[in-house]
Amino acid sequence: MAVNRRIRQFFFPSLTPTLLIRVFLVSLFAYLFFGYVCTPFTIQGISMEPTYPDGGFNFCWRLRYLFSEPKRHDVVAVRFAGSQVMLLKRVVAREGEHVEFRAGRLYLDGKEVEEPYVRFPCSWNLPSRRVEKDCVYVVGDNRNMPIEDHHFGQTSKVRIMGVPLW
Amino acid sequence: MGVLMVIIGIVFAVTVLPSEEKRVKKRFQLLSEWVSKSPEENPITMLQKMKDIGTLFFEPCELKAPHESLSGSYTRQEISAYAGSARSHFSQLGLKFYDLHIAFPQKEVAKVTLTARLIGKSMTGDQVDEIRELECLLKKIDKKWFFSQIEVIEVLKK
Numbered sequence: 000m001a002v003n004r005r006i007r008q009f010f011f012p013s014l015t016p017t018l019l020i021r022v023f024l025v026s027l028f029a030y031l032f033f034g035y036v037c038t039p040f041t042i043q044g045i046s047m048e049p050t051y052p053d054g055g056f057n058f059c060w061r062l063r064y065l066f067s068e069p070k071r072h073d074v075v076a077v078r079f080a081g082s083q084v085m086l087l088k089r090v091v092a093r094e095g096e097h098v099e100f101r102a103g104r105l106y107l108d109g110k111e112v113e114e115p116y117v118r119f120p121c122s123w124n125l126p127s128r129r130v131e132k133d134c135v136y137v138v139g140d141n142r143n144m145p146i147e148d149h150h151f152g153q154t155s156k157v158r159i160m161g162v163p164l165w
Numbered sequence: 000m001g002v003l004m005v006i007i008g009i010v011f012a013v014t015v016l017p018s019e020e021k022r023v024k025k026r027f028q029l030l031s032e033w034v035s036k037s038p039e040e041n042p043i044t045m046l047q048k049m050k051d052i053g054t055l056f057f058e059p060c061e062l063k064a065p066h067e068s069l070s071g072s073y074t075r076q077e078i079s080a081y082a083g084s085a086r087s088h089f090s091q092l093g094l095k096f097y098d099l100h101i102a103f104p105q106k107e108v109a110k111v112t113l114t115a116r117l118i119g120k121s122m123t124g125d126q127v128d129e130i131r132e133l134e135c136l137l138k139k140i141d142k143k144w145f146f147s148q149i150e151v152i153e154v155l156k157k
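Going down the list, the protein sequences come from chains A and B. Going by numbering that gives the first Met the number 0, the residue at position 124 of the first sequence is 123; the numbering climbs one at a time, nothing skipped. Going by numbering that gives the first Met the number 0, the residue at position 142 of the second sequence is 141; the numbering climbs one at a time, nothing skipped.
Misleading hints may appear alongside valid ones.
[To be verified] Short, incomplete list of chain B residues facing chain A, as computed with Cβ under 8 Å:
no.	residue
1	Ser-18
2	Tyr-97
3	His-100
4	Asp-125
5	Ile-130
6	Glu-132
7	Leu-136
8	Lys-138
[What the hints assert, rightly or not] Derived coverage of chain A by chain B (criterion: at least 3 residues anywhere in the stretch with Cβ under 8 Å from a Cβ of chain B; other residues may be distant):
no.	stretch
9	27-36
10	138-152
The set of hints was computed from the structure by calculation and includes no laboratory data. C-beta atoms are modelled at their ideal positions from N, C-alpha and C, and glycine is treated no differently.
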């Protein structure tokens with residue numbers, strides 16, 4: 000009987016002030032945590048394949064760059080006007096570096112850079128350009144498409160919202 | 000009792016009465032509705048939507064999209080014609096707006112920053128999924144808001 004009562008009490012608790020405060024605090028924490036700290040998102044598009052396949056689910060960890068700067072090869076979420084729609088891209092160059100593509104290979108300051116995460120064939124050619132101050136250069140992992148169809152380029156660091164949790 | 004009436008009055012004013020912000024959002028909703036296209040859309044609906052799209056714009060409306068060959072000032076007729084021509088290339092089209100930030104820098108002027116996403120299927124069967132950040136200026140004339148300037152913000156610079 001006591002077990003039954005406990006089970007009933009667990010699923011149908013009495014509406015006491017303590018319970019209401021607990022519900023309020025849990026809801027507030029969930030709202031703040033999932034709204035501003037660890038935002039859930041779904042991946043739509045193939046630009047980060049095969050690392051992040053189309054239709055995948057993840058969380059954006061927004062405290063990642065609170066005390067540090069994005070590093071080369073980090074995968075980052077780049078915002079537009081807000082956080083409802085973001086681009087998932089990989090940082091390939093930082094401010095001051097010269098970035099270039101020759102026959103699908105990435106060159107930074109004239110030196111070829113190994114990119115183990117690029118698995119599909121690529122034949123891009125892009126003349127050298129310098130990454131401006133307070134910017135990073137981001138590209139998707141899937142470069143098996145015409146260069147004109149792929150959204151990439153330099154973006155301001157303030158647009159980087161965070162990193163995917165896995 | 001008096002306090003309760005005041006609270007009910009405030010809640011009513013905030014939720015039911017249309018604020019300027021809601022009026023501005025409504026214009027974006029209409030634009031989204033009229034640009035969007037279903038595969039079953041008939042020619043009469045198509046013509047009506049083309050005409051309706053033009054009514055949302057101030058004359059002339061300035062478009063600033065240097066990377067998409069669209070920059071310039073356009074009349075309502077030109078915008079309607081351009082929208083009609085662009086829509087005819089798609090069998091299905093959906094325009095959605097996200098993250099609208101509305102400010103009123105001057106009287107009768109609204110500045111809206113937002114993310115626009117255009118998803119569709121072209122007549123040749125290709126999938127289209129384009130996202131842009133836009134900065135729009137709207138002017139208020141006779142209690143209605145009209146798009147007077149639309150600028151495409153460059154998020155990624157190749």
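Checked hints:
1. Ser-18: Interface hint status for Ser-18 of chain B: violated (20 Å vs cutoff 8 Å).
2. Tyr-97: Result: holds, 4 Å to nearest chain A Cβ.
3. His-100: With Cβ-Cβ at 6 Å, under 8 Å, it holds.
4. Asp-125: violated (11 Å)
5. Ile-130: holds (6 Å)
6. Glu-132: With a closest approach of 4 Å, the Glu-132 of chain B hint holds.
7. Leu-136: violated (15 Å)
8. Lys-138: With Cβ-Cβ at 21 Å, over 8 Å, it is violated.
9. 27-36: violated (count 0)
10. 138-152: holds (count 3)
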